[in-house]
Amino acid sequence: MSKRNILNFVFVTVLAAVFGIGCQDKWDEHLGSGSVDNSTTIAAKIAADPSLNKFNQFLKLTGYDTVLAASKVYTVWAPNDEALKNSGFDTDTTGLGAFVKNHIAVSSLDQNIGNDTLKIKLLSDKYAAITIGHFDGIEVVGSPKFVKNGVLNIIGQPNPIKQNIWEYFMSTTDASLQKNYISGFTIMVIDSANAKPIGYTSGQPKYASDAPRIARNGYWSTVADLRAENGKYTFFILRNAAFDSEADKLKDFYPNLTYWNTVLDLTVKGVYTPDKLPDTLLSIRGVKVPVNKSAIVRTYNASNGIVYVVDALPFRLKDKIPQIKIEGELPFSFRSSKAANTHYRTKLDSLGVLYKDIEIFKHATAEYYVEYRTPMAAKGKYKVFARAISGTSGDLVSAAFTQRYFVADTAATTTYPTAATFTHIVNPRTYKEIELGTFENLTYRSLRLRLVSANSTAEAVNPLILDYIRFEPILP
Amino acid sequence: MQNFIKFRKSLPLLLFTVALSYNVSGQESADSKASSDTATIVNTVKEVSHKGPKVSGVVIDANSKKPMVGANVGVAGFSATITDEKGKFTVSLPQSKATLSVSIEGYHQKLVPASVGKQVSIVLYPLEYTSQYTTADLPYQSVSKARSVAAIEVINTKGGWNANSETPDTYFQGQLAGANVIRRSGTPGMGSNIFVRGFNSLYAGTKPLYVVDGVVYDVNSYGSSLHTGHVNNPLQFIDVHDIASVTVAKDAASTAVFGTRAANGVVFINTNHARSLETKIDFAVFSGINQAVKNLPLMNAYDYRVYLADILRTQGLSNSTIENQPYMIEDSNNPNYYTYHKPATNWQNEVFAPSLDQSYSLRVSGGDNVAKYVLSAGLTDDRGVIDNTKNTRYNTRFNGDLNLTKRLSGNVNLSFSYSEQALRDQGVNFKSSPITLALVKSPFLSKYAIDALGNVSPNFADYDTLQVSNPVAILDKGINQTKALRFFGSISFDYKLSKSVKISNVTGVSYDKAQETLFIPDKGVVNDTLSTTLVAKSIHGTQSIRYYSLYDDLNLSWNKVYDRVHRLSATIGSRVHTNQTEQDYAYGINSATDNLISINNSNPVARDLGGNIGEWNVVSGYFSGNYSYADKYLLNLSASVDGSSRFGKNNKYAVMPAIGAAWVISSEDFLANVEKLDLLKLRISYGWVGNDEIGNYTSNRYYTSQNLFGVQGLKIANLGNANIKWETVRKANAGVDLSILDERLNLSVDYWNHRTSNLLTYATTATITPVSGISSFIENAGSMESQGFDFNLNGRVVSKKSFKWDAGLNLGVYKNKVKSLPNGAFITPVASGYFITREGSAANLFYGYKTNGVYASDAEAAASGLLNKLADGSLVPFRGGDVKFVNSFDSEQDVANSVKIIDENDMQVIGDPNPDISGGLSNTFTYKRWSLNALLTFSSGNDVYNYTRSVLESGSNYYNQSPVLNNRWKGDGQSVNTPRAEYGDPSGNARFSDRWIEKGSYLRLRTVGISYDVPTKMGSVKYIRLYGTANNLLTATNYLGYDPEFSASSSIYGQGVDVALEPQFRSFQLGIRVGL
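Chains A and B, in that order, are what the protein sequence lines are. In this text, residue positions in the first sequence follow this note's numbering: the first is 1, and each later residue adds one. In this text, residue positions in the second sequence follow this note's numbering: the first is 1, and each later residue adds one.
Derived from the structure by calculation, the hints contain no laboratory data. Fair warning: there could be bad hints in the mix.
[Claimed, not checked] Ranges of calculated distance between the beta carbons of each label pair, as one might list FRET restraints:
no., chain 1, residue 1, chain 2, residue 2, range
1, B, N324, A, G63, 18 to 24 Å
2, A, S202, B, N603, 41 to 47 Å
3, B, P343, A, G156, 38 to 44 Å
4, A, D191, B, K869, 54 to 60 Å
5, B, K869, A, E433, 54 to 60 Å
[What the hints assert, rightly or not] DSSO-like, lysine-lysine: derived pairs with alpha carbons at most 27 Å apart:
no., chain 1, residue 1, chain 2, residue 2
6, A, K26, B, K294
7, A, K54, A, K101
8, A, K179, A, K318
9, A, K26, B, K884
10, B, K342, A, K148
11, A, K148, B, K294
12, B, K884, A, K148
13, B, K850, A, K26
14, B, K850, B, K819
15, A, K318, A, K379
16, B, K390, B, K513
17, A, K26, B, K999
18, B, K928, B, K804
All C-beta atoms, glycine included, are put in the ideal place defined by N, C-alpha and C.
Using the sequences and the hints, build the whole thing.
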């Protein structure tokens, strides 16, 4: 080649390089390919899978095919055709929407959970427990398919909608007494979230009489909201005979609210499946629940827990009728404000155990008192004990003194009709509790109690000190 | 030294007075027969004939291939003649062999060995041709490249009409062998960072010295700009059209006279002077369009929303919380629905917009026997591709030549330029850089505010719930303005004491001022929290930077031939240069409304005022001597003694000598019969030069103000080092120049070696820190070495009468190696990445982790047995979806504990920003009246840290991401190359690793220019030329950013880091130029 030809050749090569390399899309190479399918949505992936024909059909019927094409992250557990063979939705589509929603979760899941269990909320508002390879106990078939807007898992069984504990309880026919009693607490209230006010009175909204209403049940707020899908409970349903016998045990102690005290301890936090059921559980209130497996008539796996229908749940009376303990440092009110003389103390007793108490000293008031209120106390007799510790290191009160406890007759407010009086001689460094006497509560009620100082203004004799006072029921 | 400078300053004035008075008497005795022909200033020829053997020959025009009439032929200082109408001449030689000098206006002056009795045929090429016979006009001498001892490079600007929107420093790109010219960004007027033969310093300057019309032209920008990513470029004040010639001096022999300022080479720029007495008017208008850049691929709104859901989940938000985010709610009754569900916005399209450029230039030249002048004025209105940005520049220049008497001549060069730049923050700025924001801003948002019913307001949307500013609001309401001006004037006189002795003086003044205004609005921009815990809503800033310098160079030169074969020339002189800079700035925050933009409306409590003052003086004495024997053996000796106020008191003066020699082999007898050999020359040079960019006050201990608990005070800012001095660079150069086939093929190859000693380094010693509170001090303690090749091949590929193709290839290769450092190695962090400087390897290598894909599953990660050391020091096992980092080193402790840990010990060199090879390929095609030139530039083998992509693929925050994140690891068993998305990146998957290092090689069709010379018969119109130019037409690269060419900082530690500056863009211009 001549020199010119060589240069021509070089030039042409360079130009070819410019155009050749310039046209190649470097981004294509950089984007590369992996096992993520970025070109399809979950909806399209399901539609393209021949084993998911039925589920795809359900999605189309319910409009969820468009939802699953949206720009969000979904995790779907799609039952295959085999799993939906006997679903019954082919003939009756009632509840199909909820069924479909019960297989879809919004948002991706943490894939690095290892052996942990993940609780996720499905579109149906129900929760499902996820472990790697399982969806609420159902095994995932094959490996997950990662697509543009989420993950598709295929499962071999359907995940039908389960009732929650409340729904099951309300639908049960096993225990009319318990069911009717609790459902009797249901009232309809105005749904302020959806009702439009028609005016305001002193800033409070007024609603039309036909404003939308929703149900409220006292059990939900005082014991446990058995409808809550994100809670997990074990709930006992007593058949009528058992319910009667439990109520009968309590009627002497809770004459006016026998049934209420019967149903109060039937809910336990957490799910205790039959295989993991111990012989004693603790109710939400903290009362021991004696479980007799042989008494279980029926078990239901609700969406938010487990329900046991039982023939017997023999609570012990001593568990159902608890003692009443009043902490001195938690007063209800004072005769007058003596904040400068009132000390809330945290000290160690002779055994090194931490205790908190109240000490009122140099208040210079004859018969100064501190008032306490108790929770509901069962009817019956109680032994009364109290503990007050004085004279420990750093304590200003070192001499013995006398303080009194006045228990009110009723909850009347204006006067203070005393039903019982106890006298407590507080000797320095007495760490044991002192038995003050017995007290009979004539009905199921809350007690009022006053801690009263000596009728003197002398600081040496009128201090008040109280760690606690307790009422121990005397049971038959 | 101060007294000496005062004395030295008054010296030129004194000498000038003396010379003038001497001149009065000299004028009377002046030769009245002096030629009045000053039309050609280059060669004023009288026919003289000394007795001697004669030689005859013919001179031919290389273009037309016709004989040339009226060419000057002769032996310098001995004989001269003019060719006849057949191009023939006969001239006498001093000896039987001598070098003929052949010249004619508009052509390169050719030097041809001739011997008695042998006919010579001489081909002359026009000045536009890249020739080995180019004349380099240097301050102390004019030398033909064919006789240069030193390694110099001459750029043939050809008037610069084939280039538009260029500053001189960008114009050099691809035209200088061995100079790696990297344009800083696409922003008009930003210029480039030029590394002549690599770099010789770590912390001192890397820029070459610029000498314009014999006066040092300062190209530094003093004080950092208020605008992120911007530098004020003083070189933009020189209009490329005003440049007559550029010479780059690369080795020690050519630069030693500039002593401690010449370590990075010297660029000599000469501006236009009138060549004839005829009055000429040249007027040109150009107009062009700039094309918006090609967008980087980003996630669309659909994918981004899916990605965001993943990020929110890993942030710890529950599914229902995520579902209730306003951008996830699909209910159009939601008051925020329309804000997040209007059609997606392509933010890059909002920020980048095509724009129009304009430029006008007018030049008038002419004069008479006594005075000639060139007056030029230009207006350039260049726009960038970021919307609402521009650079409007006005430049004027007056260059005059005065022939005061036969002995005394002078010239004046006065230039004044003013520019007004509308800029935008660029680079690492996630609050107010429109480019960065356009990349990271969520695509589902709109630029306008939208109400609950979906009505679109004409007001721009505020920053969004994801804490990203609205780039369009910044483009519209933000102000990043710079107004800058420079006056640069010089006046010089030459006085001929005798035929061979001349005294010259040049005095130059620079005055430069840049005034910057900054306003970041409140609306649309994320608030900033200052160190004082104040919340900055709007930000105001103003800054004024001033530079003043006075330069004087006085020298005596002497030029004589002895015994017809010994030519001796020498220059001895002194220079003094005083410089002053001042920077004053004020920052403020929170004006009452966005309509109050100036600093005086800001909250007075939070105002921050400050500044810097710099003053330095340099005084030098220098010498340069040339000796040649028979025009075949050439020797150069030069030296400079520099004193600078910057040097420590223990090292006040630097002595920088150099020696160079050349052998013109082609003039030897044994090659006399080799046909078609025009030139073969060997060059060698060795010498010392220095780098005085060591900071004005490094040698002194000084104090800085500090605010402590609201009390202003002073504290020690540094440990003064009285021993501090210049960095010394020993430069060796060996080269060959070749020209054959009647100059059809020209080649120059140079090997060079630079050894830097006294390298400025920071010493960190644990012993001084507790005592002084200062962790490091500067000392001259390191050394490094660079070496490489420059290669320059030029030629006329096709030489037909009507069609010609000239092509040139130039390239440079360099390798750098650090020889010694006080602590062996150190690491420099830049934009979440790291550079390592270590003995035994190049000074600026990327230092990070090597990776090898992504763990497909927890099981695979566990099988690797590796533990990940997190930022808090804890060790956790890797999980599925984590990046597989390469465990390259286990410490002894780890081995003893039998654990394998990925920690900082595993960092290694992952890239090198220095190119293996860089250069350009130029082509000029001429066909009749048409001319086409095409310049290709390339850089190969350089690695780039794509910081921008590391943000767009970090998968760790709310920023929009590249589509690569669609391939992110989503679940166990997935085999992908992109790790999982996780808020905050707790596993450090996005840490600085080879994931972000890319090949930065590119080949670019940088400039294509076509021109047509319209035939004109109008008497008054001399010419009409039409121009079409395309810039950055095609770029071939595998780089994944906007463009592989950028330079965020002049430091070697900023090279190859892509921080999303305004990219290079494609532009097209049309122009017309009329000559009257």
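Now for the hints, and whether the structure bears them out:
Here the CB-CB span from N324(B) to G63(A) is close to 22 Å, well matched to the stated 18 to 24 Å. Look at S202(A) against N603(B): about 44 Å separates their beta carbons, and that is inside 41 to 47 Å. For P343(B) and G156(A), the hinted distance range of 38 to 44 Å is satisfied, since their beta carbons lie about 42 Å from each other. The hint said 54 to 60 Å for the Cβ distance between D191(A) and K869(B), and at roughly 55 Å that hint holds.
The hinted range of 54 to 60 Å is satisfied by K869(B) and E433(A), whose Cβ atoms lie roughly 57 Å apart. For a cut-off of 27 Å, the pair hint linking K26(A) to K294(B) stands: about 13 Å separates their Cα positions. At roughly 15 Å between alpha-carbon atoms, K54(A) and K101(A) fall within 27 Å of each other, so this suggested pair holds. Under the criterion of a C-alpha separation no larger than 27 Å, the hint pairing K179(A) with K318(A) is consistent with the structure, at around 26 Å.
A hinted pair counts as satisfied when its Cα atoms are at most 27 Å apart, and K26(A) with K884(B) qualifies at roughly 24 Å. Distance check on the hinted pair: K342(B) and K148(A) sit about 21 Å apart at the alpha-carbon level, within 27 Å; holds. The hinted pair formed by K148(A) and K294(B) meets the criterion: a straight-line CA distance of about 26 Å does not exceed 27 Å. Restraint check: the Cα-Cα separation between K884(B) and K148(A) comes to about 24 Å, which is no more than 27 Å; the hinted pair holds.
Under the criterion of a C-alpha separation no larger than 27 Å, the hint pairing K850(B) with K26(A) is consistent with the structure, at around 22 Å. At most 27 Å may separate the alpha-carbon atoms for a hinted pair to count; K850(B) and K819(B) meet this at roughly 26 Å. Proximity of K318(A) to K379(A) is assessed by CA-CA distance (about 14 Å); at most 27 Å being required, the pair is judged to hold. Straight-line distance between C-alpha atoms of K390(B) and K513(B) comes to about 19 Å, which keeps the hinted pair within the 27 Å bound.
A threshold of 27 Å between alpha carbons decides the hint, and for K26(A) with K999(B) the separation of about 12 Å falls inside it, so the pair holds. A threshold of 27 Å between alpha carbons decides the hint, and for K928(B) with K804(B) the separation of about 9 Å falls inside it, so the pair holds.
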